[in-house]
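Colleague: Letter by letter, the chains look like this.
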Amino acid sequence: MNIHEYQAKEILRGFGVPIPNGKIATTPADAEAIAKELGVAVMVKAQVHAGGRGKAGGVKFCKTPADAKEKATAILGMQIKGLTVEKVLVTVAADIGSEAYVGIIVDRQRKKPVFMVSAAGGIDIEQVAAQTPEKILYLPVDTRYGLRSYEAMRMGFFLYDDVKRARQAAKIMQQLYAAFMASGCSLAEINPLVATPAGELIAVDGKMVIDDNELDRRPEIEALRDVSSEAPSEVDARNSNLTFIKLEGDVGCVVNGAGLAMATMDLVKYYGGEPANFLDIGGSSNPEKVVNALRIITADANVKCILFNIFGGITRTDDVANGIVTATKANPLKVPIVIRLTGTNEEIAMKILTDNGFTASADMDEAVIKAVKLAKGGQAA
Amino acid sequence: MSIFINKDTTLVVQGITGRDGSFHTKQMIEYGTNVVAGVTPGKGGQKFDDAVPIFNTVHDAVAATGANTSVIYVPPMFAADAIMEAVDAGCAMVVCITEGVPVLDMTRVYPFVKERGARLLGPNCPGLISPGQAKVGIIPGRICIPGNVGVVSRSGTLTYEVVYQLTRAGLGQTTCVGIGGDPINGTNFIDCLDAFEKDPHTKAVAMMGEIGGTDEQEAADFVKHHMTKPVVGFIAGQTAPPGRRMGHAGAIISGSAGTAAEKIEAFKAAGIGVAVRPMDFVELIKAKLH
Numbered sequence: 001m002n003i004h005e006y007q008a009k010e011i012l013r014g015f016g017v018p019i020p021n022g023k024i025a026t027t028p029a030d031a032e033a034i035a036k037e038l039g040v041a042v043m044v045k046a047q048v049h050a051g052g053r054g055k056a057g058g059v060k061f062c063k064t065p066a067d068a069k070e071k072a073t074a075i076l077g078m079q080i081k082g083l084t085v086e087k088v089l090v091t092v093a094a095d096i097g098s099e100a101y102v103g104i105i106v107d108r109q110r111k112k113p114v115f116m117v118s119a120a121g122g123i124d125i126e127q128v129a130a131q132t133p134e135k136i137l138y139l140p141v142d143t144r145y146g147l148r149s150y151e152a153m154r155m156g157f158f159l160y161d162d163v164k165r166a167r168q169a170a171k172i173m174q175q176l177y178a179a180f181m182a183s184g185c186s187l188a189e190i191n192p193l194v195a196t197p198a199g200e201l202i203a204v205d206g207k208m209v210i211d212d213n214e215l216d217r218r219p220e221i222e223a224l225r226d227v228s229s230e231a232p233s234e235v236d237a238r239n240s241n242l243t244f245i246k247l248e249g250d251v252g253c254v255v256n257g258a259g260l261a262m263a264t265m266d267l268v269k270y271y272g273g274e275p276a277n278f279l280d281i282g283g284s285s286n287p288e289k290v291v292n293a294l295r296i297i298t299a300d301a302n303v304k305c306i307l308f309n310i311f312g313g314i315t316r317t318d319d320v321a322n323g324i325v326t327a328t329k330a331n332p333l334k335v336p337i338v339i340r341l342t343g344t345n346e347e348i349a350m351k352i353l354t355d356n357g358f359t360a361s362a363d364m365d366e367a368v369i370k371a372v373k374l375a376k377g378g379q380a381a
Numbered sequence: 382m383s384i385f386i387n388k389d390t391t392l393v394v395q396g397i398t399g400r401d402g403s404f405h406t407k408q409m410i411e412y413g414t415n416v417v418a419g420v421t422p423g424k425g426g427q428k429f430d431d432a433v434p435i436f437n438t439v440h441d442a443v444a445a446t447g448a449n450t451s452v453i454y455v456p457p458m459f460a461a462d463a464i465m466e467a468v469d470a471g472c473a474m475v476v477c478i479t480e481g482v483p484v485l486d487m488t489r490v491y492p493f494v495k496e497r498g499a500r501l502l503g504p505n506c507p508g509l510i511s512p513g514q515a516k517v518g519i520i521p522g523r524i525c526i527p528g529n530v531g532v533v534s535r536s537g538t539l540t541y542e543v544v545y546q547l548t549r550a551g552l553g554q555t556t557c558v559g560i561g562g563d564p565i566n567g568t569n570f571i572d573c574l575d576a577f578e579k580d581p582h583t584k585a586v587a588m589m590g591e592i593g594g595t596d597e598q599e600a601a602d603f604v605k606h607h608m609t610k611p612v613v614g615f616i617a618g619q620t621a622p623p624g625r626r627m628g629h630a631g632a633i634i635s636g637s638a639g640t641a642a643e644k645i646e647a648f649k650a651a652g653i654g655v656a657v658r659p660m661d662f663v664e665l666i667k668a669k670l671h
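Residue numbers (my numbering), protein chains in the order written: chain U, 1 to 381; chain B, 382 to 671.
Any given hint might turn out to be false.
[Unchecked claim] Reference listing, derived: stretches of chain U covered by chain B, where coverage requires no fewer than 3 residues with Cβ under 8 Å from a Cβ of chain B:
1) 71-84
2) 186-197
3) 201-210
4) 214-221
5) 264-275
[Said to hold, decoys possible] Examples of chain U residues lying across from chain B (beta carbon under 8 Å, computed):
6) 313
7) 366
8) 369
By construction, these hints were calculated from the structure, which means they are not laboratory data. For glycine and all other residues, C-beta sits at the position ideal for the given N, C-alpha and C.
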């Protein structure tokens with residue numbers, strides 16, 4: 001789950017990371033009032049779940065409160081990578097001496113969280129990594145012991161020659177690490193970490209991505225979710241414990257398992273069709289999930305045919321069959337449905353389906369070919 | 382004859398009385414797996430299905446029955462502890478089926494398991510099956526037949542799909558392993574490829590990968606330098622939009638690393654046969670076996 005910059009900064013501030021003062025505004029008048037209250041030059045920053053906000057014109061420097069009002073007027077309602085800006089952060093503009101990058105990410109290869117720090121912050125860190133890898137220090141952390149003082153100091157001295165600043169940076173590393181672990185992050189970043197001409201370090205931008213698997217045990221983090229920044233159909237799917245991603249095609253896919261769901265989409269494309277979505281009903285089966293899946297798929301007006309591809313393992317195919325029957329009795333389908341189903345309790349499932357007037361096949365390619373044809377308005381073979 | 386599990390596997394089921402645990406324990410027993418014990422705290426002394434003794438802890442179960450392998454069906458927040466408990470009790474092979482285990486929990490579990498020399502499969506995986514000998518996990522037994530193809534996959538149901546098609550074509554399997562799609566898992570492609578290379582009965586390997594990460598590219602490199610047996614590979618997610626999460630925490634395209642095209646290129650460069658559709662495995666493997 002993504003959280004906004006202002007939310008990440010509040011978490012970091014709670015762990016002691018120095019963050020410039022600021023508040024969130026949803027109207028230009030609010031932005032002006034906050035700038036007035038802060039009493040100094042400010043930055044007005046779009047709060048959306050997208051990178052490249054600055055390049056898109058969503059981050060502006062404002063000398064006066066009137067200036068802040070004007071810039072907020074331009075930014076609020078603006079589209080950044082297809083997302084509408086509904087909130088801006090109005091925050092004290094830092095006096096910038098130098099900019100460093102500090103990030104921590106769970107690394108698949110090392111199987112540990114890894115710190116990445118570089119004195120070449122503020123710009124595209126991927127470019128630094130690709131062109132001048134020696135400018136980045138990678139430091140894996142063994143989470144059983146936590147970040148040790150000497151490791152934090154090593155990063156501090158990698159960024160700053162001055163011992164006072166290095167110590168200050170080391171303290172920020174510890175605070176960032178604590179926030180990362182306590183919030184169940186898969187990524188946390190301070191970019192840039194600014195050293196002011198006066199010698200102070202401040203986190204001018206903050207980003208956190210939370211591991212979805214942590215949310216059950218961290219209700220305070222789940223509460224930070226901004227539902228308005230997500231597609232309504234995806235929110236509905238999540239509330240029903242389904243993974244759903246809307247695409248542009250016309251074959252609505254209901255599949256169990258992410259790998260098979262992707263392979264099914266690939267096969268739809270292979271046979272000349274376009275998938276309307278990715279939808280994974282997941283492992284443990286429950287007829288209710290199928291009912292919800294059908295509701296979400298049929299809400300998409302582009303869908304011309306529905307394709308079920310279920311390979312039962314932990315999912316019992318009879319549960320899926322019951323779900324299809326229940327859902328279509330309550331809301332008769334307006335588009336054709338093609339069912340492919342095999343695996344656990346297949347015989348029971350097939351009987352449920354035939355008793356209720358459905359046909360089902362056990363072959364994946366056959367089902368996909370049929371669904372693609374039906375979506376194009378053809379007759380099933 | 383197989384890798385990781387065989388006729389001598391003695392299994393303890395953690396979470397044996399839960400909905401999924403009890404259902405799949407019955408399936409494993411029906412398949413012929415030697416399930417010697419179950420664990421559910423508070424139900425020690427009872428019996429599962431009037432046959433399998435239940436213990437309060439894995440230590441008790443191992444002490445009483447000598448179980449050498451554990452399978453875990455406990456809720457995600459308890460899975461990390463369950464894995465460490467099984468390893469600490471002396472199980473050499475631990476298979477964690479549970480989906481939704483926080484990745485930071487796995488950063489603690491992984492070194493714990495490695496340092497004790499045990500093997501972990503998963504989490505968030507379907508387990509494994511050595512047809513005709515034993516199954517540990519949730520792979521449907523009836524889609525497999527004994528034979529000489531090794532199968533390894535990051536996905537669950539996609540594994541079933543490919544195995545089902547192999548079986549229908551008469552291509553039996555030595556062992557089918559689902560390694561799971563989480564960012565940190567106990568066993569990776571290379572571990573399985575290495576084991577298949579060393580298993581005298583395995584003559585060819587089918588490998589199913591996904592978009593995201595670089596595991597498949599590293600596996601391709603291993604095949605190129607360390608394997609004499611033929612390998613056929615498939616990558617799911619060729620049509621997935623970039624940058625979107627497709628359900629598995631691991632299936633994230635980041636930067637240039639991890640696209641289907643990149644992985645397929647790596648396969649080709651390593652001499653791995655590329656299946657465009659799941660059904661293509663059949664002809665490609667038949668050709669490699671002749």
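Colleague: Hints first: check each against the structure and report whether it holds.
Modeller: So, going through the hints one by one against the coordinates:
1. Note: the region 71-84 of chain U has 0 residues with beta-carbon separation from chain B under 8 Å; the three-residue rule is not met and the coverage is violated.
2. Here's how the region 186-197 of chain U fares: 1 of its residues keep a CB closer than 8 Å to some CB of chain B, so the rule of at least three is not met and the hint is violated.
3. Counting residues of the region 201-210 of chain U whose beta-carbon sits less than 8 Å from any beta-carbon of chain B gives 0, not enough to reach three: the coverage restraint is violated.
4. Closer than 8 Å: that is the beta-carbon criterion, and the region 214-221 of chain U has 3 residues meeting it against chain B, so the requirement of 3 holds.
5. Three residues within the 8 Å Cβ limit are the bar, and the region 264-275 of chain U against chain B gives 7, so the coverage statement holds.
6. Taking 8 Å as the C-beta contact cut-off toward chain B, the hint placing residue 313 of chain U at the interface holds, the least distance being around 5 Å.
7. Hint status for residue 366 of chain U relative to chain B: violated, with the closest Cβ pair at about 10 Å, above 8 Å.
8. Here the hint on residue 369 of chain U is broken, as its CB sits about 11 Å from the closest CB of chain B, past 8 Å.
Checked against the numbered hints given earlier, the structure breaks hints 1, 2, 3, 7 and 8 and satisfies all the rest.
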